[in-house]
Amino acid sequence: MTARNAQAWANPPRVPPSHFVSGWVYRDPAIYDAEQAKIFRRVWRFAAHESEMPEAGAYRTFVHACEPMMVVRETGDRFAGFIDRAGPAGARLLPGPAGQCRSTRGLRPCRTAAKWGFVFVTLDPEAPDLDSYLGDALDIFRDVFEGREFSYEVFHFHQAIVEANWKAWQETILDLYHEFMHVVLRRTQMPATAMTARSLRQHRNGHVSIGGLRALYGNYQAYRVRSEGEALPGLTPDDARFTPLFPDTTIIARGTVLRVDTVTPLGPHRTLVESRGLGIKGESPADRRMRIRHHNDYWGPLGRNVPEDAYAAEACERAFGRGAALFQTIARDEDGRGQDDCGLRAFYAEWSRRLGRPACAPTNADAISRGEQEGKP
Amino acid sequence: MTEQNVRELVYRSCLALDREDFDGFLALCDPALHYVVTAYSPEIRKEMTWMEQDLAGMKALLAMVPQHLRRTGSLHRHVSVYQVEAPASDGTIGALSSFLVTHTALDGGSRLFAVGHYHDRIAATGGRHLLKTRRAHLETRDLGIGLHIPI
Ligand SMILES: [Fe+2]
Numbered sequence: 001m002t003a004r005n006a007q008a009w010a011n012p013p014r015v016p017p018s019h020f021v022s023g024w025v026y027r028d029p030a031i032y033d034a035e036q037a038k039i040f041r042r043v044w045r046f047a048a049h050e051s052e053m054p055e056a057g058a059y060r061t062f063v064h065a066c067e068p069m070m071v072v073r074e075t076g077d078r079f080a081g082f083i084d085r086a087g088p089a090g091a092r093l094l095p096g097p098a099g100q101c102r103s104t105r106g107l108r109p110c111r112t113a114a115k116w117g118f119v120f121v122t123l124d125p126e127a128p129d130l131d132s133y134l135g136d137a138l139d140i141f142r143d144v145f146e147g148r149e150f151s152y153e154v155f156h157f158h159q160a161i162v163e164a165n166w167k168a169w170q171e172t173i174l175d176l177y178h179e180f181m182h183v184v185l186r187r188t189q190m191p192a193t194a195m196t197a198r199s200l201r202q203h204r205n206g207h208v209s210i211g212g213l214r215a216l217y218g219n220y221q222a223y224r225v226r227s228e229g230e231a232l233p234g235l236t237p238d239d240a241r242f243t244p245l246f247p248d249t250t251i252i253a254r255g256t257v258l259r260v261d262t263v264t265p266l267g268p269h270r271t272l273v274e275s276r277g278l279g280i281k282g283e284s285p286a287d288r289r290m291r292i293r294h295h296n297d298y299w300g301p302l303g304r305n306v307p308e309d310a311y312a313a314e315a316c317e318r319a320f321g322r323g324a325a326l327f328q329t330i331a332r333d334e335d336g337r338g339q340d341d342c343g344l345r346a347f348y349a350e351w352s353r354r355l356g357r358p359a360c361a362p363t364n365a366d367a368i369s370r371g372e373q374e375g376k377p
Numbered sequence: 001m002t003e004q005n006v007r008e009l010v011y012r013s014c015l016a017l018d019r020e021d022f023d024g025f026l027a028l029c030d031p032a033l034h035y036v037v038t039a040y041s042p043e044i045r046k047e048m049t050w051m052e053q054d055l056a057g058m059k060a061l062l063a064m065v066p067q068h069l070r071r072t073g074s075l076h077r078h079v080s081v082y083q084v085e086a087p088a089s090d091g092t093i094g095a096l097s098s099f100l101v102t103h104t105a106l107d108g109g110s111r112l113f114a115v116g117h118y119h120d121r122i123a124a125t126g127g128r129h130l131l132k133t134r135r136a137h138l139e140t141r142d143l144g145i146g147l148h149i150p151i
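Chains H and X, in that order, give the protein sequences.
For the first sequence, my numbering begins at 1 and goes up steadily by one.
For the second sequence, my numbering begins at 1 and goes up steadily by one.
These are calculated hints, taken from the structure and not from any lab test.
Since the model is a prediction, treat every value here as computed from it, not as a measurement.
Think of the CB as a built atom: it goes at the ideal place given N, C-alpha and C, for glycine as much as any other residue.
Hints should not be assumed to be uniformly reliable.
Quick list of in silico lysine-lysine cross-link-like pairs, DSS-like style, CA-CA up to 27 angstroms [what the hints assert, rightly or not]:
# : chain 1 : residue 1 : chain 2 : residue 2
1 : H       : K115      : X       : K46
2 : H       : K38       : H       : K281
3 : H       : K281      : X       : K46
4 : H       : K115      : H       : K38
Facing chain X, a subset of chain H residues (Cβ under 8 angstroms, in silico) [said to hold, decoys possible]:
# : residue
5 : C66
6 : R92
7 : L302
8 : G303
Bound-form chain X, shown alone:
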């Protein structure tokens, strides 16, 4: 059942972010959360980090979201879990997923917003599965006006 649990966790984390249910999302995160968003720039020929947060940082950031002037409409993360690894010696399980994020504007038009991969490590302790590390690696580097919530 572990593989099924891992898939469910990845999907639930995305559904929570889609709904902007930030408490629900944080409840799926391990206390040792490390969340990074990365991209490779062919312009400067470097790997880049666009966001790096631990659990406290993510909590603080998400708590402030309603006070920002930000992109209207909604995001929809379409995720496919491609690989679930066997548990490592520390009990964590690696998962590789692909994501496509669409943006639906308030007038109802949808368009592709971003594509990339999630490289996740999931802690399976005490019968619960929690997101411990996530590297959301973006293929898309033009995010238009940008984004106040994690990919």
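Chain H on its own, in the form it takes in the complex:
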């Protein structure tokens, strides 16, 4: 191996343009603004699960594309989303994250649609309808949600501010190679199946679905083996599959329990992560307790895995946030199996398409040397 000089360290990696990302995507305020306008104001975003609004008039608030938003159950299965600001001062009306909404008069409505109890909104009047937007990205969850006589219910919610760019969080989900970072996955997931048993599929609109993962829960000494009777319908207890929907929502199943994550950018270096755990509505207290335990084992704020993901996102921020790291390589090609980076490439291809600039060179500065990059692109 030859020694690298300063110029060599600043050169883009010698891989195809689709296989690396410029560090500017994590830190340029102009890119952040463009993402809000060209991505977040255009996509469908998961707002809340139907069980969070159990009766007519019940609402949930959230932030989307810098707007204070709310979604309310109008009647039966009809939901409506609004921008929660009214009057000449544009003040927010709703005091808390959830409750009963007396009136939505004067609030600006937005398009709202639901799939399998997941309520989505979009601020774009021209966006395709939700089913077209999702396409076949959620097909790996069809058996879990379709034709069921019961409904699902959110039993866990927590949110956290992570000091990192929002894409760093999405990367912890899309990057399968990072499983080496988790002692739990090294023990439970990596030995469970051959790498070739995994399947990463790229869908239209930047969505990705990942299936064929399994877990030997008994291999981690603080976990219990999950039994057949504990599995959710359509899943085996050792099953793991997930769908990162572009740009900000991920639905994840681990045999006995479901998780839904959303990321909301609050600035180039600050991200709100919201995490929900779901079980079966009306299940026995013993089953609910089991699902809560299985959820917490991996995903709770005191779980074994998610705090490591958040640690990693913040560690990447320290390298990319101020320009110490110049490029992120996403060049692992494994034919849609194993730890292929094709999910990351699908994400950044859609990002590039929507922003109208390639993620590998999103600013003029990418073409010139690092010394010149210290100035504004």
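Based on these hints, arrange chain X with the ligand on the given structure of chain H.
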């Protein structure tokens, strides 16, 4: 002296966790330990359990801590025991405490990490006081990147 012993046990359990002296902490726990961390979510309007462990589970969990990638720096639990109840018919004593946990980063900056209450039951058998049940109820629900050790 019982009330003093109860206070001491609560404080010692927190000092052991602060020092990450997990063996020392486990030595203060009753064999029938039940340790839960709870929080209320106004978003979903539900009480939540974020951790639930018995003694064997807690032992296994703490033994694995060094193998995890985790929050650097240190935690400091500042605890005030507000109430110590009279012994119940089974000999256990209830105690209610308030806690403030600060986090000190490796660069030396400290900030408030979490606040909440401990609802403890302490077994007083054979002249020893041991932690039998603890419900650490968090008011704080944003724990940043999270935590690999019990609150
Ligand atoms: Fe992870």
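Taking the hints in turn, this is what the structure says about them:
1. H:K115 / X:K46: holds, 24 angstroms
2. H:K38 / H:K281: The given pair, whose Cα atoms are some 37 angstroms apart, is violated under the 27 angstroms limit.
3. H:K281 / X:K46: holds, 13 angstroms
4. H:K115 / H:K38: holds, 24 angstroms
5. C66: violated, 20 angstroms
6. R92: This interface hint is violated because 16 angstroms lies over the 8 angstroms limit.
7. L302: Constraint on H:L302 satisfied, holds at 5 angstroms.
8. G303: Check passed: Cβ of H:G303 comes within 7 angstroms of chain X, closer than 8 angstroms.
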